[in-house]
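Colleague: Here's the letter readout for the chains.
Protein chains: 2
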Amino acid sequence: MVEEMKIGSFAEALSSKAPIPGGGGASALAGALGSALGQMVGNLTVGKKKYAAVEEEVRARMEELSRLSGEFLRLADRDEEVFKPLAEAYGLPKETKEEREYKEAVMEERLLAATMVPLEIMERAVQTMEILEILAEKGSVMAVSDVGVGIQFARTALLGGVMNVYINTKSMKDRQKAEELNGRAGELTAKGIKLADQVYGRVLEGLKN
Amino acid sequence: MVEEMKIGSFAEALSSKAPIPGGGGASALAGALGSALGQMVGNLTVGKKKYAAVEEEVRARMEELSRLSGEFLRLADRDEEVFKPLAEAYGLPKETKEEREYKEAVMEERLLAATMVPLEIMERAVQTMEILEILAEKGSVMAVSDVGVGIQFARTALLGGVMNVYINTKSMKDRQKAEELNGRAGELTAKGIKLADQVYGRVLEGLKN
Numbered sequence: 046m047v048e049e050m051k052i053g054s055f056a057e058a059l060s061s062k063a064p065i066p067g068g069g070g071a072s073a074l075a076g077a078l079g080s081a082l083g084q085m086v087g088n089l090t091v092g093k094k095k096y097a098a099v100e101e102e103v104r105a106r107m108e109e110l111s112r113l114s115g116e117f118l119r120l121a122d123r124d125e126e127v128f129k130p131l132a133e134a135y136g137l138p139k140e141t142k143e144e145r146e147y148k149e150a151v152m153e154e155r156l157l158a159a160t161m162v163p164l165e166i167m168e169r170a171v172q173t174m175e176i177l178e179i180l181a182e183k184g185s186v187m188a189v190s191d192v193g194v195g196i197q198f199a200r201t202a203l204l205g206g207v208m209n210v211y212i213n214t215k216s217m218k219d220r221q222k223a224e225e226l227n228g229r230a231g232e233l234t235a236k237g238i239k240l241a242d243q244v245y246g247r248v249l250e251g252l253k254n
Numbered sequence: 046m047v048e049e050m051k052i053g054s055f056a057e058a059l060s061s062k063a064p065i066p067g068g069g070g071a072s073a074l075a076g077a078l079g080s081a082l083g084q085m086v087g088n089l090t091v092g093k094k095k096y097a098a099v100e101e102e103v104r105a106r107m108e109e110l111s112r113l114s115g116e117f118l119r120l121a122d123r124d125e126e127v128f129k130p131l132a133e134a135y136g137l138p139k140e141t142k143e144e145r146e147y148k149e150a151v152m153e154e155r156l157l158a159a160t161m162v163p164l165e166i167m168e169r170a171v172q173t174m175e176i177l178e179i180l181a182e183k184g185s186v187m188a189v190s191d192v193g194v195g196i197q198f199a200r201t202a203l204l205g206g207v208m209n210v211y212i213n214t215k216s217m218k219d220r221q222k223a224e225e226l227n228g229r230a231g232e233l234t235a236k237g238i239k240l241a242d243q244v245y246g247r248v249l250e251g252l253k254n
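Just so you know, the sequences run in chain order A and B. Every position in the first sequence, counted from 1, becomes a number in my numbering once 45 is added. Every position in the second sequence, counted from 1, becomes a number in my numbering once 45 is added.
No wet-lab data here; the hints were simulated from the structure. One thing to keep in mind: the hints can contain errors.
You can't tell identical chains apart in this list, so a pair holds if it fits in one copy or across any two.
Said to hold, decoys possible - List time: in silico DSS-like cross-link candidates among lysine-lysine, alpha-carbon distance up to 30 Å:
{"hint": "1", "residue 1": "93", "residue 2": "139"}
{"hint": "2", "residue 1": "95", "residue 2": "215"}
{"hint": "3", "residue 1": "94", "residue 2": "139"}
{"hint": "4", "residue 1": "51", "residue 2": "62"}
{"hint": "5", "residue 1": "51", "residue 2": "218"}
{"hint": "6", "residue 1": "253", "residue 2": "218"}
{"hint": "7", "residue 1": "148", "residue 2": "222"}
{"hint": "8", "residue 1": "94", "residue 2": "129"}
{"hint": "9", "residue 1": "218", "residue 2": "62"}
{"hint": "10", "residue 1": "239", "residue 2": "139"}
{"hint": "11", "residue 1": "253", "residue 2": "62"}
{"hint": "12", "residue 1": "142", "residue 2": "218"}
{"hint": "13", "residue 1": "94", "residue 2": "62"}
{"hint": "14", "residue 1": "129", "residue 2": "253"}
{"hint": "15", "residue 1": "51", "residue 2": "222"}
{"hint": "16", "residue 1": "95", "residue 2": "62"}
{"hint": "17", "residue 1": "62", "residue 2": "215"}
{"hint": "18", "residue 1": "93", "residue 2": "215"}
{"hint": "19", "residue 1": "95", "residue 2": "236"}
{"hint": "20", "residue 1": "183", "residue 2": "62"}
{"hint": "21", "residue 1": "218", "residue 2": "129"}
{"hint": "22", "residue 1": "253", "residue 2": "222"}
{"hint": "23", "residue 1": "51", "residue 2": "129"}
{"hint": "24", "residue 1": "148", "residue 2": "62"}
{"hint": "25", "residue 1": "239", "residue 2": "253"}
{"hint": "26", "residue 1": "183", "residue 2": "222"}
{"hint": "27", "residue 1": "253", "residue 2": "95"}
{"hint": "28", "residue 1": "95", "residue 2": "129"}
Make a model of the complete structure from these sequences and hints.
Modeller: Okay, here's the thing in structure tokens:
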């Protein structure tokens with residue numbers, strides 16, 4: 046499990062030529078760190094008189110972030126789990142017509158599984174951003190810079206994820222399905238970049254003044 | 046040491062209200078992961094006939110990234126080390142004139158130390174981007190998506206770093222020094238965003254086609 050790996054060992058494994066962990070797992074980790082930073086902001090907000098009016102809402106957002114953080118770490122593992130079956134499928138024989146048809150069907154199924162992981166990372170990255178946007182407004186001003194750092198991590202999860210969607214859909218034979226998945230990834234990218242840049246910009250302006 | 050922490054424990058510590066690790070340490074970690082992804086691209090390039098002509102250069106870049114990765118992890122530790130003295134300085138008494146002068150001098154010195162860490166993270170983030178730009182062009186096309194993910198991590202290190210520069214310079218009494226540091230941070234931000242977005246955009250276009 047990625048969660049149990051030491052940071053130095055993860056960075057070393059990432060830097061090696063072994064395909065896992067790779068950009069997909071790293072993107073999931075970025076999401077987990079982004080949501081952890083949001084939880085930190087929440088923890089610095091609740092229990093303070095000044096923020097009593099928003100405490101209930103902030104607590105609800107913290108619970109969502111805690112769930113998201115766990116899901117990102119599980120997606121980092123999942124990214125490794127879907128890799129091996131896909132690599133095996135690439136190695137299937139394709140001498141006879143039957144072999145080719147079988148290989149194509151297996152490849153298609155496993156490419157879809159490998160695409161769903163980064164697409165789920167992207168969905169959760171945008172959800173994390175939406176919560177960070179609320180925390181930028183309602184959370185403790187003392188922790189606003191952590192909202193800014195957190196939203197950059199969520200942005201990396203999103204834009205790391207989309208790369209791994211396109212890599213997998215590129216090899217799919219069902220082009221309609223591939224275009225549908227790329228379309229969803231494109232929507233999330235556009236929405237997430239806009240949101241992340243808006244929230245980051247607001248936080249940065251606030252810090253400068 | 047951050048390097049020795051398990052990923053799950055780091056995320057949990059990050060999410061707590063304890064000030065360290067916070068956005069500064071997380072930014073340093075983003076830099077380490079970005080440079081690790083660049084090393085992965087290098088490792089997937091060297092030793093391949095197709096890339097024999099660029100092997101020497103790619104190896105040189107990998108060494109630079111390995112050094113940067115280690116420096117980022119040390120900066121994550123350093124970010125924690127400078128925090129305690131600064132927090133202590135905030136707590137110094139300011140009853141008498143002598144106490145106020147002493148406090149101001151100590152604060153100033155420790156704010157500067159706390160500013161230098163994210164500024165060094167920013168410098169190294171841009172250096173990492175410059176190497177990733179070269180790898181986007183010369184590295185294995187099989188690993189190009191990892192360049193794209195890596196440059197997003199470096200971008201997060203940069204934009205997480207600048208938040209932590211501004212937080213600390215904001216409290217400095219020596220406004221000329223503060224503006225000088227903010228100016229350098231602003232230059233790095235502008236240069237880094239442009240570079241990261243260019244490289245990422247090229248990688249993404251290449252993947253789509």
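Colleague: Give a verdict on every hint.
Modeller: We went through each hint and held it up to the structure:
{"no.": "1", "hint": "93 x 139", "result": "between (66 Å within a copy, 25 Å between copies)"}
{"no.": "2", "hint": "95 x 215", "result": "between (52 Å within a copy, 23 Å between copies)"}
{"no.": "3", "hint": "94 x 139", "result": "between (69 Å within a copy, 26 Å between copies)"}
{"no.": "4", "hint": "51 x 62", "result": "both (19 Å within a copy, 22 Å between copies)"}
{"no.": "5", "hint": "51 x 218", "result": "neither (39 Å within a copy, 40 Å between copies)"}
{"no.": "6", "hint": "253 x 218", "result": "between (51 Å within a copy, 15 Å between copies)"}
{"no.": "7", "hint": "148 x 222", "result": "within (18 Å within a copy, 65 Å between copies)"}
{"no.": "8", "hint": "94 x 129", "result": "between (52 Å within a copy, 26 Å between copies)"}
{"no.": "9", "hint": "218 x 62", "result": "within (28 Å within a copy, 49 Å between copies)"}
{"no.": "10", "hint": "239 x 139", "result": "neither (45 Å within a copy, 46 Å between copies)"}
{"no.": "11", "hint": "253 x 62", "result": "between (42 Å within a copy, 24 Å between copies)"}
{"no.": "12", "hint": "142 x 218", "result": "within (16 Å within a copy, 77 Å between copies)"}
{"no.": "13", "hint": "94 x 62", "result": "between (52 Å within a copy, 16 Å between copies)"}
{"no.": "14", "hint": "129 x 253", "result": "between (48 Å within a copy, 24 Å between copies)"}
{"no.": "15", "hint": "51 x 222", "result": "neither (38 Å within a copy, 38 Å between copies)"}
{"no.": "16", "hint": "95 x 62", "result": "between (51 Å within a copy, 16 Å between copies)"}
{"no.": "17", "hint": "62 x 215", "result": "within (22 Å within a copy, 43 Å between copies)"}
{"no.": "18", "hint": "93 x 215", "result": "between (51 Å within a copy, 24 Å between copies)"}
{"no.": "19", "hint": "95 x 236", "result": "neither (32 Å within a copy, 39 Å between copies)"}
{"no.": "20", "hint": "183 x 62", "result": "between (44 Å within a copy, 16 Å between copies)"}
{"no.": "21", "hint": "218 x 129", "result": "within (20 Å within a copy, 57 Å between copies)"}
{"no.": "22", "hint": "253 x 222", "result": "between (46 Å within a copy, 15 Å between copies)"}
{"no.": "23", "hint": "51 x 129", "result": "both (23 Å within a copy, 24 Å between copies)"}
{"no.": "24", "hint": "148 x 62", "result": "within (26 Å within a copy, 52 Å between copies)"}
{"no.": "25", "hint": "239 x 253", "result": "both (21 Å within a copy, 21 Å between copies)"}
{"no.": "26", "hint": "183 x 222", "result": "neither (40 Å within a copy, 32 Å between copies)"}
{"no.": "27", "hint": "253 x 95", "result": "within (23 Å within a copy, 49 Å between copies)"}
{"no.": "28", "hint": "95 x 129", "result": "between (52 Å within a copy, 25 Å between copies)"}
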